[in-house]
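Listed below are the residues making up each chain.
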Amino acid sequence: MKSVSRIDELLADVEAHLKDGVLQVKEASEKGRPIVGTYCTFAPWELITAAGAIPATLCARGEDPITAAEEHLPRNLCPLIKSSYGYALTDKCPYFHFCDMVIAESTCDGKKKMYELMSRMKPLHLMMLPQTAEGDVARSAWRSELDRLKARLEDAFSVTIDDEAISKRIALRNRERMALNSLWELSRLDPPAITGREQFLISEYCEFHFHKEELVPWLGNLVYQIREAYDQGERRVGKDAPRILITGCPLGGAQKVIHAIEDAGAVVVCYENCGGVKELGFLVDEDRPPMEALTDKYLNVGCSVMTPNTSRMDNLKNLIESYNVDGVVEVVLQACHTYAVETYEVRELVRSTGRPYMSVETDYSKSDIGQLATRIGAFLEML
Amino acid sequence: MLTIGVDIGSVGTKAVLFDGDIVDRHLEPTGWNPSEAGHRAMESLLKRNSLSPGRIDRVVSTGYGRKSFVEVDKAVTEITCHARGAHFMDPEIRTVLDIGGQDSKVILLDDQGRVLDFMMNDKCAAGTGRFLQVMATLLEYPIEEFGAVDPDGEMQKISSMCTVFAESEVVSHLAKGISKNAVALGLLESVAVRASSMLGRMGVKPVVGFTGGVSRCPSLVSLLEGQLNCDVRTYGDSHYAGALGSALIASEL
Ligand code: SF4
Ligand code: SF4
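Sequences listed follow chains A and B, in order. Going by my numbering, the residue at position 287 of the first sequence is 303; the numbering climbs one at a time, nothing skipped. Going by my numbering, the residue at position 229 of the second sequence is 1591; the numbering climbs one at a time, nothing skipped.
Hints listed in this document are in silico derivations from the structure and should not be mistaken for laboratory results. Because the structure is a prediction, the values reported are computed rather than measured. All the pointers check out, no bait thrown in.
Quick partial rundown of chain B residues pointing at chain A, CB under 10 angstroms, derived from the structure:
1. Y1426
2. R1428
3. E1440
4. A1445
5. D1465
6. I1469
7. D1479
8. F1480
Computed far set for chain A versus chain B, every beta-carbon distance over 12 angstroms:
9. V38
10. P90
11. E170
12. R193
13. E244
14. G291
15. E302
16. P305
17. K313
18. E361
Simulated pairs of lysine to aspartate or glutamate, EDC-like, Cα-Cα distance not exceeding 16 angstroms:
19. B:K1567 to B:D1452
20. A:K313 to A:D303
21. A:K166 to A:D179
22. B:K1542 to B:E1506
23. A:K35 to A:E220
24. B:K1429 to A:D279
25. B:K1436 to A:E397
26. A:K184 to A:E229
27. B:K1436 to A:D279
Glycine included, C-beta positions come from ideal geometry on N, C-alpha and C.
Turn these sequences into a full structure, and let the hints steer you where they fit.
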């Protein structure tokens, strides 16, 4: 065994570059590249980039601007919505600052009403999401929403987006998705090659890296090197660490849950959340007309705002098996009704596989860290 | 084998000396320094039983201060410890309702005292010992009398569960001339309703064992039985359930 861990070195490098995204966006913006902020997984990355713009995720993660947001928004709203709005309001998010346009989606009620207020600050395009992914009516509605977005982007940035450009972007994004999949698959190993925290760190880095042509080979290489170190015997996770899958609301500001799980001796092996496999785990069909393929791909994001949300349940079942998980922890952000109601179905599903399930409700504050440690600790002691 | 279990709660620190059965127990206020309280509790047990620290084979800690108390062999969460402790006190228990000073929990057990599922209340103090204490003070009842008002007496329903709102509701009822007894009964009933809805969500399996400080309110127990339509057992040593469970776990390490 080498004295300095190879994987430690690799991760230290990722960490050192975590904030590069801000610089990339600043530079691009100064060179006149349009920046488009997105809040949700339904925003089609491929269309935005085909317009020559840079899509930056704005789904905010910090607790700080929530107080400011509460001057306009009700207190018992999900922290993600308040944080997003607060960052915009206080101009503390560099990504929002550089945005030329914001793409919003009529997902949950809180978000869509918040966007009305946000439209006072930036040009905002609202995509009307159908309430279901099933049936022709919903599909054709979403199809025309993609057309409407395309027209808006063309108009705003004086470009024409042709099918070829979209196809190229689909291919690039698919390559990134595949590379991410290979990163996640490191956790199919037993024990996993890296911890869930480390996995999260790398995927956050990828999310905020805007030169995907560079990112994809870099990520491929990183995964290769981690795998090599693992094969040579480097172990970062104990053999007996229980394997946990996290599902539910986006985790951005609630990473304390990951920490609580791993501090108690378990390891997170899979994230069925936005930013994890929920969207990026699925490729866009490259053999079909691009706009058609994009329609189906994004319509089937397994989000709880859809009724029914069949694709999430199917996916969850698969992930539970293929990552060989010992237990499922669902994270529900305070006041998120759609995910909170769906916990009932998720619980049933997980239990039907004979595994224990727990849901934790939390927000972005530090006030419940002790309680989380107890709840999660007790859950793990049950396994 | 001689073990000690230490349960460092937010209000009280409990310790149990165990040799396959309870040898001795000790309770002490936690104060501002949880690890200090853990030490004091252990020392008292040792001194009272003329034991040197070397005689103790293992120590397990639990409770909110479990991690700050480092001289232990293991820290285990209070859910697991309560379950084991309750099972030791009464092996027939399948559902534990534990209402302590600041939180309440429901734990489902199997026949070995292992946790099958559990639920904890959220951050606020509604329905906990703290809530009852504030209300007893407001009504100028000693806590024992408050917990023992006649459960068949006249009752004034209280609609707020939030401690602050319930307080103003109580004041307004008293101002209208409603009797202290009726108000007290209404408050206890609201705690019973809350507890039974928590139990309902978990699915009550008999026998139900009620532990924690609040289990020492006899009228609450009978209100609960009415709500749940089944027996609710209480135990003299029930506030030591967590410490007992940790001592038990220590003996099996
Ligand atoms: S959870 Fe649903 S609404 Fe939230 S970001 Fe993901 S897809 Fe969008
Ligand atoms: S977490 Fe829930 S409430 Fe918050 S934005 Fe997403 S869907 Fe809406």
